[in-house]
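Visitor: Here is how the chains run, residue by residue.
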Amino acid sequence: MHLDVALLSRIQFALTIMFHYIFPPLTIGLGGLLVSLERKFLRTGDRQYEIAAKFWTKIFAIVFAVGVATGITMEFQFGTNWATYSRYVGDVFGAALAAEGIFAFFLESGFLAVLVFGWDKVSRKMHFFASCMVALGAIFSSIWIVVANSWQQTPAGFHIVNGRAEITDFWVMVFNPSSIHRLVHVWIGAYTVGGFFVMSVAAYYLLRNRHVEFARKSFLSALTIATLASLAAVVSGDLQGRNVARTQPAKLAAMEGHFKTDGPTPLYLYGFPDEQEQRVKGGIAIPGMLSLTVHGNMQQPVAGLDKIPRQDWPPVAVTFHTFHWMVMLGVLFIALTLLASFCRWRGTLFTKRWLLWAFVWIVPLPFIANQLGWIAAEVGRQPWVVYGLLRTSDAVSKSVVSGQVLGSIIMFTGIYSLLFAVFLFILNSKIQHGPEEVTEAPDHTAGADLLKIAGQRSGTGGRSLAEGVQ
Amino acid sequence: MDLNTIWFILLGVLLTGYAILDGFDLGVGILHLAVKKDEDRRVLMNAIGPLWDGNEVWLVTFGGALFAAFPHAYATTFSGFYTAFMALLFALIFRAVSMEFRSKHESPAWRKFWDVSFFAASGLATLLFGVALGNAMCGMPIGADMEFQGGLLDLLHPYALLVGLFVVATFAMHGSIYLYLKTEGELQQRIHGWMWKTFGIFLVFYLFATIYALVDVPLATRNLRQYPWAWVMVVLNMLAIANIPRAIHQNRPGYAFLSSCATIAALTFLFGEALFPEMIHSTLNPAWSLTIYNAASSPKTLQIMLVIALLGMPFVLAYTAVIYWVFRGKVQLGKFSY
Numbered sequence: 002m003h004l005d006v007a008l009l010s011r012i013q014f015a016l017t018i019m020f021h022y023i024f025p026p027l028t029i030g031l032g033g034l035l036v037s038l039e040r041k042f043l044r045t046g047d048r049q050y051e052i053a054a055k056f057w058t059k060i061f062a063i064v065f066a067v068g069v070a071t072g073i074t075m076e077f078q079f080g081t082n083w084a085t086y087s088r089y090v091g092d093v094f095g096a097a098l099a100a101e102g103i104f105a106f107f108l109e110s111g112f113l114a115v116l117v118f119g120w121d122k123v124s125r126k127m128h129f130f131a132s133c134m135v136a137l138g139a140i141f142s143s144i145w146i147v148v149a150n151s152w153q154q155t156p157a158g159f160h161i162v163n164g165r166a167e168i169t170d171f172w173v174m175v176f177n178p179s180s181i182h183r184l185v186h187v188w189i190g191a192y193t194v195g196g197f198f199v200m201s202v203a204a205y206y207l208l209r210n211r212h213v214e215f216a217r218k219s220f221l222s223a224l225t226i227a228t229l230a231s232l233a234a235v236v237s238g239d240l241q242g243r244n245v246a247r248t249q250p251a252k253l254a255a256m257e258g259h260f261k262t263d264g265p266t267p268l269y270l271y272g273f274p275d276e277q278e279q280r281v282k283g284g285i286a287i288p289g290m291l292s293l294t295v296h297g298n299m300q301q302p303v304a305g306l307d308k309i310p311r312q313d314w315p316p317v318a319v320t321f322h323t324f325h326w327m328v329m330l331g332v333l334f335i336a337l338t339l340l341a342s343f344c345r346w347r348g349t350l351f352t353k354r355w356l357l358w359a360f361v362w363i364v365p366l367p368f369i370a371n372q373l374g375w376i377a378a379e380v381g382r383q384p385w386v387v388y389g390l391l392r393t394s395d396a397v398s399k400s401v402v403s404g405q406v407l408g409s410i411i412m413f414t415g416i417y418s419l420l421f422a423v424f425l426f427i428l429n430s431k432i433q434h435g436p437e438e439v440t441e442a443p444d445h446t447a448g449a450d451l452l453k454i455a456g457q458r459s460g461t462g463g464r465s466l467a468e469g470v471q
Numbered sequence: 023m024d025l026n027t028i029w030f031i032l033l034g035v036l037l038t039g040y041a042i043l044d045g046f047d048l049g050v051g052i053l054h055l056a057v058k059k060d061e062d063r064r065v066l067m068n069a070i071g072p073l074w075d076g077n078e079v080w081l082v083t084f085g086g087a088l089f090a091a092f093p094h095a096y097a098t099t100f101s102g103f104y105t106a107f108m109a110l111l112f113a114l115i116f117r118a119v120s121m122e123f124r125s126k127h128e129s130p131a132w133r134k135f136w137d138v139s140f141f142a143a144s145g146l147a148t149l150l151f152g153v154a155l156g157n158a159m160c161g162m163p164i165g166a167d168m169e170f171q172g173g174l175l176d177l178l179h180p181y182a183l184l185v186g187l188f189v190v191a192t193f194a195m196h197g198s199i200y201l202y203l204k205t206e207g208e209l210q211q212r213i214h215g216w217m218w219k220t221f222g223i224f225l226v227f228y229l230f231a232t233i234y235a236l237v238d239v240p241l242a243t244r245n246l247r248q249y250p251w252a253w254v255m256v257v258l259n260m261l262a263i264a265n266i267p268r269a270i271h272q273n274r275p276g277y278a279f280l281s282s283c284a285t286i287a288a289l290t291f292l293f294g295e296a297l298f299p300e301m302i303h304s305t306l307n308p309a310w311s312l313t314i315y316n317a318a319s320s321p322k323t324l325q326i327m328l329v330i331a332l333l334g335m336p337f338v339l340a341y342t343a344v345i346y347w348v349f350r351g352k353v354q355l356g357k358f359s360y
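Top to bottom, those sequences are chains A and B.
Count along the first sequence from 1, then add 1; that gives the number in our numbering.
Count along the second sequence from 1, then add 22; that gives the number in our numbering.
Among the hints, erroneous ones may be present.
[As the list claims (entries may be wrong)] Each pair of labels, with its calculated beta carbon distance range:
#, chain 1, residue 1, chain 2, residue 2, range
1, A, His160, B, Met23, 25 to 33 Å
2, A, Leu270, B, Ile31, 53 to 61 Å
3, A, Arg354, B, Lys357, 29 to 37 Å
4, A, Gln433, B, Ser359, 45 to 53 Å
5, A, Gly404, B, Pro240, 40 to 48 Å
[To be verified] Residues of chain A clear of chain B, computed beta-carbon distances all greater than 10 Å:
#, residue
6, Val90
7, Asp313
8, Lys353
9, Lys431
[What the hints assert, rightly or not] Lysine-lysine pairs mimicking BS3-like chemistry, simulated, CA-CA at most 30 Å apart:
#, chain 1, residue 1, chain 2, residue 2
10, B, Lys219, A, Lys218
11, A, Lys59, B, Lys219
12, A, Lys126, A, Lys218
13, A, Lys126, A, Lys41
14, B, Lys357, A, Lys122
15, A, Lys431, B, Lys352
16, B, Lys322, B, Lys59
Bear in mind the hints are in silico, worked out from the structure with no lab data behind them.
Source: prediction; values computed, not measured.
We put the CB at the ideal spot given by N, CA and C, even for glycine.
Produce the complete structure using the sequences and hints provided.
Guide: The structure is reproduced here in structure tokens:
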């Protein structure tokens, strides 16, 4: 394999976007959590919620910072590595990106300041408002970027003038055939990540018998979200599958390892697709099942890769495996969250230590599932960067040489490894430190309560009395 | 006025907003190592703590708007300056995480590492912005296919390097005046001295850069002949600069800061005015230059984007005002500070 600018740029884009995408789903997921915690605090005045919100805000701030820092890379890279692509799509894609800047980034970063630094500078209501705005900003951001990416998958609302795409209808571009399906799936993925992340931290506290009240509250709200999100992924995935069959048949065929269009199409639960021999080896399949999910009957064949010219095939094995592993992880999430919900209903959830340990350690998997889904979506679009219009190999910068890209890949690998190590170190120290302990002190502390707090405080470390009353 | 000109002006507004706002927090980064005590360094960082992230969004939005409105200008510069942009990314990433990570752990070695990285990243980012502006003023080797034909060494033009240092000096001065406004007591007294020193350095670079431009950078003056009214801005720029030491001397730092903002706005205006209607001047053949017409998106897109901008900008200005209002006054180190 020759290391040309196109291949190196693809490696760099994959590396930087995958690292970046660790953070945004967590920001979206945690953003929702912060809003719900602060709302409960406003309604009930229960300080437990305020303490929980403060703790998760600290985690949110670190995640957000790394997300922003690595996000700028993405915006620059369209121009640095994919200049020909930028010239081709700027008229369409640029508008979505600019809308993201104006509508989402300013909202998020402005109100993040109030969220993180504003606890004692603004009223509770204003703080709640700020958390709503930050969460909304994260959602706006996901809307515009998924719209832009979906346009690359299923271009609409444009025409080609002088060899580049120009908008004809903005709303048709925004609501192109895959936007809504993909956006919903991205949000579901984000809430799954957020839910499992919170459950992991909370389960750890429960097992260590620390911050128990806080951990129970956090775990149960997160469990509800993660259960609903895991189940919703099935519905959204099914709708999306049918949509992909209509709009990107080559991608669907590659995801399912479906080579020959004849008779009822089976659905492979797993297997090893072989592009040379054009069949799936060692596969386990449900006969007629793909026909059923796509067409609603078990007879009608689904278009296979034999309907697609060979040079337009995506890499089948990568698309197949990433897609199948994502699905299998999704099934695991459903099994685990349903089991935990069942135990919760029986009232035995917090006594099952093995289940809590499972939730502590399973947290990388939802992140991986998100990544796998994106790999399947992006690799499945190949060899096109804009489906059916512009080939990835034609999209790279002409004035860049491979040595430059190799250099920047080395730079990004170095920085991102360092960043990730530091991020985990700080995240771990925040989690080890935990939320502030609750003192049962309302705002107007009576003398007797003060003494009680003083007693509690002396037992819980060297913080001053004044701080306890605050 | 046509849509292309409007978008050129709007990009100018975004660039000016960025230079004024991120200018002072980059300046604070450049001055960061001048104080030694941990508490003082925390005061410096917290002076910009809640604001720097929002300030940087002006750059991100500038990039997005350039991509959308003038895709060829975006593609040509970003791919042509590949290595410079990678260095800029390196700096911006380190700057962001230095601030976020520094306070999260108390060991002196840890803090020292992030302090040095915060300073170096702020300095490098500022220098690169300046070098980019300088290169734009000199023109670049652009071919008939709109592609950059040169190499990295073409970007190290002496005038571009001089502008790079000039921008570092400008932001350092801008940052020191800002810090004077946000600090009190003994630290503020020391920063008073910094304002004079950085102003002196700024003035020297300003004079050198101006003389160099008048003598050897034809692009810098060609439009002044064509649009004589632009001389008003030259004069305003000089008045704003002269007003900085006057306001510092009269002990009116807020006024000095406004003058410094006006100086930056006037300089950005003169930069845009010198380029107009080109975006990137080709040194190989002027006919190959990227202009606001041949580099632009379709009128339809420019129109849609104008609607987006008109809807969005009032919100942006409102949030910015709210955030600056909430975090007004002197820096107080508290539980939630960096």
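Visitor: Does each hint fit the structure? Answer for all of them.
Guide: Hints, verified against the model:
A hinted range of 25 to 33 Å for the beta carbons of His160/A and Met23/B is consistent with their spacing of about 27 Å. Checked against the hint of 53 to 61 Å, the C-beta distance between Leu270/A and Ile31/B comes to roughly 59 Å, which is consistent with it. Between Arg354/A and Lys357/B the beta carbons are some 34 Å apart, a value that agrees with the proposed interval 29 to 37 Å. Range check, Gln433/A to Ser359/B: Cβ separation about 21 Å, and the 45 to 53 Å hint is violated.
For the pair Gly404/A and Pro240/B, the supplied restraint of 40 to 48 Å is violated, since their beta-carbon distance comes to about 34 Å. A cut-off of 10 Å between C-beta atoms contradicts the statement that Val90/A is not in contact with chain B; the least separation is 8 Å. With a closest Cβ-Cβ approach of about 26 Å to chain B, Asp313/A is found to remain outside the 10 Å limit, as its non-interface label requires. With a minimum CB-CB distance of about 34 Å to chain B, Lys353/A clears the 10 Å threshold, and the non-interface call stands.
Consistency note on Lys431/A: stated as away from chain B, yet its beta-carbon is not over 10 Å from all of that chain's, at 8 Å minimum. A hinted pair counts as satisfied when its Cα atoms are at most 30 Å apart, and Lys219/B with Lys218/A does not qualify at roughly 56 Å. Under the criterion of a C-alpha separation no larger than 30 Å, the hint pairing Lys59/A with Lys219/B is inconsistent with the structure, at around 38 Å. A C-alpha spacing of about 22 Å is found between Lys126/A and Lys218/A, which places the hinted pair at or below 30 Å, so the restraint holds.
Between the alpha carbons of Lys126/A and Lys41/A the distance comes to roughly 12 Å, so the proposed pair stays at or under 30 Å and holds. Between Lys357/B and Lys122/A the alpha-carbon distance is near 12 Å, which keeps this suggested pair within the 30 Å criterion. Pair hint Lys431/A plus Lys352/B holds up; C-alpha atoms about 28 Å apart against a cutoff of 30 Å. Distance hint between Lys322/B and Lys59/B is unfulfilled; the C-alpha atoms sit about 56 Å from each other, more than 30 Å.
In summary, the structure is inconsistent with hints 4, 5, 6, 9, 10, 11, 16 from the numbered list given earlier, while agreeing with the others.
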